[in-house]
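Full structure from sequences and hints, please.
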Amino acid sequence: MTAPLENLETQLEMFIENVRQIRIIVADFQPQGQNVLNQKIQTMVFGLQEIDKLKSQVQDVHVPLEVFDYIDQGRNPQLYTKDCIEKALTKNEQVKGKIDAYRKFKAHLLVELSSVFPNELAKYRAIRGDERPSS
Amino acid sequence: MMMGDQFRKVEQYSPKSSPRGARSPVVSRQDSTGTLKTTISLGKNPSIVHSGPFYLMKEPPEGSELTGAKNLMAYYGLEHSYCKFSGKKLKEQLSSFVPNLPGVIDTPGIADNSSLRSVIDKPPICGKEILPLTSIQLAGFRLHPGPLPEQYRYVNQAPQKKHKKAHKKHKYKGNDSTSLEAMASDGGGDTHEKKHKKQKRHDEDKERKKRKKEKKKKKQKHSPEHNSGSGNITPNLQFSA
Numbered sequence: 001m002t003a004p005l006e007n008l009e010t011q012l013e014m015f016i017e018n019v020r021q022i023r024i025i026v027a028d029f030q031p032q033g034q035n036v037l038n039q040k041i042q043t044m045v046f047g048l049q050e051i052d053k054l055k056s057q058v059q060d061v062h063v064p065l066e067v068f069d070y071i072d073q074g075r076n077p078q079l080y081t082k083d084c085i086e087k088a089l090t091k092n093e094q095v096k097g098k099i100d101a102y103r104k105f106k107a108h109l110l111v112e113l114s115s116v117f118p119n120e121l122a123k124y125r126a127i128r129g130d131e132r133p134s135s
Numbered sequence: 001m002m003m004g005d006q007f008r009k010v011e012q013y014s015p016k017s018s019p020r021g022a023r024s025p026v027v028s029r030q031d032s033t034g035t036l037k038t039t040i041s042l043g044k045n046p047s048i049v050h051s052g053p054f055y056l057m058k059e060p061p062e063g064s065e066l067t068g069a070k071n072l073m074a075y076y077g078l079e080h081s082y083c084k085f086s087g088k089k090l091k092e093q094l095s096s097f098v099p100n101l102p103g104v105i106d107t108p109g110i111a112d113n114s115s116l117r118s119v120i121d122k123p124p125i126c127g128k129e130i131l132p133l134t135s136i137q138l139a140g141f142r143l144h145p146g147p148l149p150e151q152y153r154y155v156n157q158a159p160q161k162k163h164k165k166a167h168k169k170h171k172y173k174g175n176d177s178t179s180l181e182a183m184a185s186d187g188g189g190d191t192h193e194k195k196h197k198k199q200k201r202h203d204e205d206k207e208r209k210k211r212k213k214e215k216k217k218k219k220q221k222h223s224p225e226h227n228s229g230s231g232n233i234t235p236n237l238q239f240s241a
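For the record, the sequence lines run as chains A and B. Numbering-wise (our numbering), the first sequence opens with residue 1 and increments by one. Numbering-wise (our numbering), the second sequence opens with residue 1 and increments by one.
Please keep in mind that the hints were generated in silico from the structure rather than gathered at the bench. Incorrect hints may appear among the rest.
The calculated SDA-like cross-link candidates involving lysine to any residue, where the alpha carbons are at most 25 Å apart (straight line), are [said to hold, decoys possible]: (1) A:K87 / B:V119; (2) B:K70 / B:C83; (3) A:K106 / A:F117; (4) A:K53 / B:G87; (5) A:K96 / B:Y76; (6) B:K89 / A:Y70; (7) B:K84 / A:F68; (8) A:K106 / A:G74; (9) B:K84 / B:G68; (10) B:K128 / A:D60; (11) A:K82 / B:G109; (12) A:K87 / B:N71; (13) B:K88 / A:Y102; (14) B:K89 / A:F117; (15) A:K40 / B:K88; (16) B:K58 / A:N119; (17) B:K58 / A:E6; (18) B:K128 / A:K96; (19) B:K88 / B:N71; (20) A:K40 / A:F68; (21) A:K91 / B:P132; (22) A:K91 / B:C83; (23) B:K70 / A:A88; (24) B:K58 / A:P118; (25) A:K82 / B:P99; (26) B:K91 / A:Q78; (27) A:K87 / A:K106; (28) A:K82 / B:R117; (29) A:K40 / B:P124; (30) A:K96 / B:E79; (31) B:K122 / B:L148; (32) A:K53 / A:F68; (33) B:K89 / A:Q73; (34) A:K87 / A:I71; (35) A:K55 / B:E129; (36) A:K87 / B:K128; (37) A:K40 / B:L148; (38) B:K88 / A:K106; (39) A:K91 / B:F85; (40) B:K88 / A:V67.
Dropping the structure here:
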C-alpha cells in the first residue's frame with residue numbers, strides 16, 4: 001500500500017497533467033476537439049473528487065505556515081527546512097554550552113564551599129544524598 | 001589567606017553569630033542546632049523538606065532525560081536530513097523543487113493572485129459534493145474554433161528550457177552586448193558574420209599577394225643583375241658614395 005502523501009502527490013500530478021492538456025486543446029481550438037475537451041473536463045471533476053477523498057488520509061500532516069510564505073515568494077521550500085535545521089543546531093549548541101557551563105560552575109562551587117564551610121557542606125550532602133563535587 | 005579572611009567576615013554576619021542565633025525572630029523554637037528545620041512548600045506539589053541548617057532549601061527540580069546537552073539532531077535521527085541540506089547548495093527557485101510543474105511558478109503568488117496565503121485568509125467554499133457535469137452544464141464549455149486571444153496566449157507559457165538554452169548561448173558566446181532580441185535574430189547575425197569572415201579572408205589574401213609582389217620587386221632592385229642591367233643608381237648608393 002502506498003503512503004497517503006505519495007498517493008496524493010500522484011493524484012495532483014495527474015490533475016495538473018490533465019489541466020495542461022486542456023490548455024493545449026484550448027490554445028488553438030478545433031471543432032472536432034469538443035468531445036475531447038468535454039472528456040477532459042469530466043476527468044478534471046473526477047480528479048477533484050479523488051483529491052477530496054484523500055484529504056482524510058492526510059489530516060495528521062501538519063505544514064508550518066512559514067513554508068507557504070516561501071512558496072508564495074517563488075522560493076524553494078527546502079530552504080525553509082535548511083534554515084530550520086541550522087537554527088535548531090545553533091540553539092542546541094548554545095543550550096549545551098550553557099548546561100556545561102552551569103555543571104562546571106556547580107562542581108567548582110561545591111569544591112570551594114566544602115573548603116570554606118566543610119561542616120555545612122557535609123550536612124548539605126547528607127540531605128541531598130548524592131551531591132559530590134565532580135571536578 | 002584571602003579566603004580565610006572572607007570566611008571570618010562571613011561568619012561574623014552569619015545567623016549563628018547573630019544575637020538571636022539561628023532562630024527566626026517571630027517563631028520561637030527549641031531546636032538551637034537547626035538540624036530539625038523543615039521547609040514546607042505549598043502549591044501544586046506540596047512537600048516537606050528537612051532543610052537542616054539551610055534556609056529556603058527546596059527539592060531540586062527533576063532532571064529530565066532529554067535536554068539541550070544532548071545532540072538532538074542525532075537523538076531524533078535527523079542527521080541524514082542535516083547532511084542533505086547543509087552539504088549542497090540549494091537552488092533558490094521554486095521551480096527547482098517542482099521541476100515537472102508546467103508554467104511560470106517562480107513569480108510571487110500575489111502577482112497573479114495564486115498565493116497559498118490567500119487560500120488560508122479567504123478559504124474557498126467547500127463541503128459541497130463534487131459531481132460530474134451534466135450534458136447541459138457541459139454545453140457551457142462549448143468553444144469557438146480558432147486560437148486564443150493574444151492576451152491569454154502567452155500566459156504561463158514561458159518555457160524554462162528555452163530560457164536555460166538562451167542563457168547557455170549567452171554564456172558561451174561571451175558577447176556582452178547581445179540581448180534577447182539579438183538572440184531571436186540569431187540566424188541573420190550568423191550569416192552576416194560568415195559574410196564578414198569571407199570578406200576578411202579575401203582581403204587578407206589580397207594583402208598577402210601585394211606583399212609578395214613588393215618583396216619580389218625589392219629583391220629585383222637589390223640584385224646585382226638588376227643594378228647593372230638598369231644602370232640606375234639608387235639614392236642610398238649615391239649617398240654612400
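Verification of the supplied hints:
| no. | hint | verdict |
| --- | --- | --- |
| 1 | A:K87 / B:V119 | violated (28 Å) |
| 2 | B:K70 / B:C83 | holds (18 Å) |
| 3 | A:K106 / A:F117 | holds (15 Å) |
| 4 | A:K53 / B:G87 | violated (38 Å) |
| 5 | A:K96 / B:Y76 | holds (16 Å) |
| 6 | B:K89 / A:Y70 | holds (17 Å) |
| 7 | B:K84 / A:F68 | holds (22 Å) |
| 8 | A:K106 / A:G74 | violated (51 Å) |
| 9 | B:K84 / B:G68 | holds (23 Å) |
| 10 | B:K128 / A:D60 | holds (23 Å) |
| 11 | A:K82 / B:G109 | holds (22 Å) |
| 12 | A:K87 / B:N71 | holds (14 Å) |
| 13 | B:K88 / A:Y102 | violated (36 Å) |
| 14 | B:K89 / A:F117 | violated (58 Å) |
| 15 | A:K40 / B:K88 | violated (41 Å) |
| 16 | B:K58 / A:N119 | holds (20 Å) |
| 17 | B:K58 / A:E6 | violated (53 Å) |
| 18 | B:K128 / A:K96 | violated (52 Å) |
| 19 | B:K88 / B:N71 | holds (22 Å) |
| 20 | A:K40 / A:F68 | violated (30 Å) |
| 21 | A:K91 / B:P132 | violated (53 Å) |
| 22 | A:K91 / B:C83 | holds (17 Å) |
| 23 | B:K70 / A:A88 | holds (12 Å) |
| 24 | B:K58 / A:P118 | holds (21 Å) |
| 25 | A:K82 / B:P99 | holds (19 Å) |
| 26 | B:K91 / A:Q78 | holds (9 Å) |
| 27 | A:K87 / A:K106 | violated (29 Å) |
| 28 | A:K82 / B:R117 | holds (21 Å) |
| 29 | A:K40 / B:P124 | holds (23 Å) |
| 30 | A:K96 / B:E79 | holds (18 Å) |
| 31 | B:K122 / B:L148 | violated (31 Å) |
| 32 | A:K53 / A:F68 | holds (23 Å) |
| 33 | B:K89 / A:Q73 | holds (19 Å) |
| 34 | A:K87 / A:I71 | holds (20 Å) |
| 35 | A:K55 / B:E129 | holds (14 Å) |
| 36 | A:K87 / B:K128 | violated (42 Å) |
| 37 | A:K40 / B:L148 | holds (18 Å) |
| 38 | B:K88 / A:K106 | violated (42 Å) |
| 39 | A:K91 / B:F85 | holds (17 Å) |
| 40 | B:K88 / A:V67 | holds (20 Å) |
Violated hints for the displayed structure, listed by number in ascending order: 1, 4, 8, 13, 14, 15, 17, 18, 20, 21, 27, 31, 36 and 38.
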